[in-house]
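There are 2 protein chains.
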Amino acid sequence: MISKAKVKFIKSLQLKKYRKDEQCFTVEGAKGIVELLNSDFEVIWVAGTANFLRENEALLRRNRIEVVETTERELSGASSFQTNNSAIAIAKLKPISPPVLNKEFVLVLDDIRDPGNLGTIIRTADWYGIKHIIASLETADLYNPKVISATMGSFCRMNIYYTQLTNYLVGTDWPVYGASLVGRSIYDTNFGGEGFIVIGNESQGISGAVHSLITNHITIPRIGQAESLNASIAAAIILDNVLRLKK
Amino acid sequence: MISKAKVKFIKSLQLKKYRKDEQCFTVEGAKGIVELLNSDFEVIWVAGTANFLRENEALLRRNRIEVVETTERELSGASSFQTNNSAIAIAKLKPISPPVLNKEFVLVLDDIRDPGNLGTIIRTADWYGIKHIIASLETADLYNPKVISATMGSFCRMNIYYTQLTNYLVGTDWPVYGASLVGRSIYDTNFGGEGFIVIGNESQGISGAVHSLITNHITIPRIGQAESLNASIAAAIILDNVLRLKK
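In order, the protein sequence lines correspond to chains A and B.
Basically our numbering = 1-based index in the first sequence + 585.
Basically our numbering = 1-based index in the second sequence + 585.
For the record, the hints were derived by calculation from the structure and aren't laboratory data.
Among the clues, some could well be false.
Note: identical chains are not told apart, hence a pair may lie in one copy or across any two.
[To be verified] Mimicking SDA-like on lysine to any residue, the simulated pairs with C-alpha atoms at most 20 Å apart in a straight line are:
#1 K589 <-> L600
#2 K616 <-> R742
#3 K593 <-> R658
#4 K731 <-> Q667
#5 K602 <-> D726
#6 K731 <-> F666
#7 K616 <-> M743
Starting from the given sequences, assemble the full structure and let the hints guide the process.
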């Protein structure tokens, strides 16, 4: 059984303020927790069903994790989601310093506000072997439970550095790619070996200040009639076109 | 002001049962409603802010729509979403018959359960000029407000036919493409001029019965370490690869 104090603690971590104060976050669901336990995150404790605890006994013991046995009903009550039939883990936030880059492609997120979009972008970036994401200060928080959930464990392998984007990008000599409705077709662009790929806000696109730092305007050619693409979809199509021949 | 009866009616349409009984659905937000008014859907009435009604006066008058002036606060109270600062429209469901296909690519959705994923897939398909989607009976309902919202108006241009997939696909002589972790790289596949592209369920992938009807197994090559891609992301990357040279 999860104590009332632990339930209250879990619920408090749905809010960024408390995640910052406590320097902790939650991971929900078997897939994300297994990836968490295999990562370099420090895990504090795990509440799981008898089934989850049995299936992951060796992993939990190797990491010397405090475990609490609980039921699906209790888990769902403590969860950020409607149902949780496996486990919740509490882990420590990881300090992130400015990334050291080495001839690679880096995603730059200019105010991605929707947690589902951010999580999906992290998952897709991990699929394509991206290691670093630079995010504006207004981008959704990586440790929001909805972001963590949508990454399906990929948060463990992605370094996300939150910073003021124009200050970060102004000195670079790498190309800065930005997608808009006008620009060179991604099918005809030679992306070379390194660069920043800027993905704009869901409704506003790339902000004016960041726009002025774009060196290469690109576009995803439209065949039909939709006015635009979802931000996470645009990011995925661009990554596929940048990296499709690099494997 | 929206009458209590109208608010109750709007809210009832959040549930599929009432949408079916009343043969009506809601569209929320300016972008979707403007597309709705320009489509062949029959619109019953629109509740909007003074601002929305003024900006779209000609369009509303041309369509002879009953309008109700309301406030953002009232709209948000009646809405399926946290906020609605423009309008809600009520429209009639459209009967959909089996599509008549003509040398084209058709998406086949094998139990896409998440409304956000379905809406995003419709929006992306519309971007790539897809006209028809065949959806399993377990796929989320097109007229769910979350689906309609995520399409950003593209629901007006997409024919979605819900049916039992194996019965539908069993007699076709078109190729049936299905993505999995094994298969031919989408980069090396010649997709030709027509075919069905099957997108599997978010957690289970393509079901066994449908899997047996796949004639061409394809895969999105992975460079990094994520175990899988979100269903709407996979659909987008495949569509981009199928249609990139067809414009």
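Hints, verified against the model:
no.	hint	result
1	K589 <-> L600	within (18 Å within a copy, 34 Å between copies)
2	K616 <-> R742	within (14 Å within a copy, 37 Å between copies)
3	K593 <-> R658	within (16 Å within a copy, 32 Å between copies)
4	K731 <-> Q667	both (12 Å within a copy, 17 Å between copies)
5	K602 <-> D726	within (11 Å within a copy, 37 Å between copies)
6	K731 <-> F666	both (8 Å within a copy, 17 Å between copies)
7	K616 <-> M743	within (16 Å within a copy, 34 Å between copies)
The structure is consistent with each of the numbered hints, conforming to all of them.
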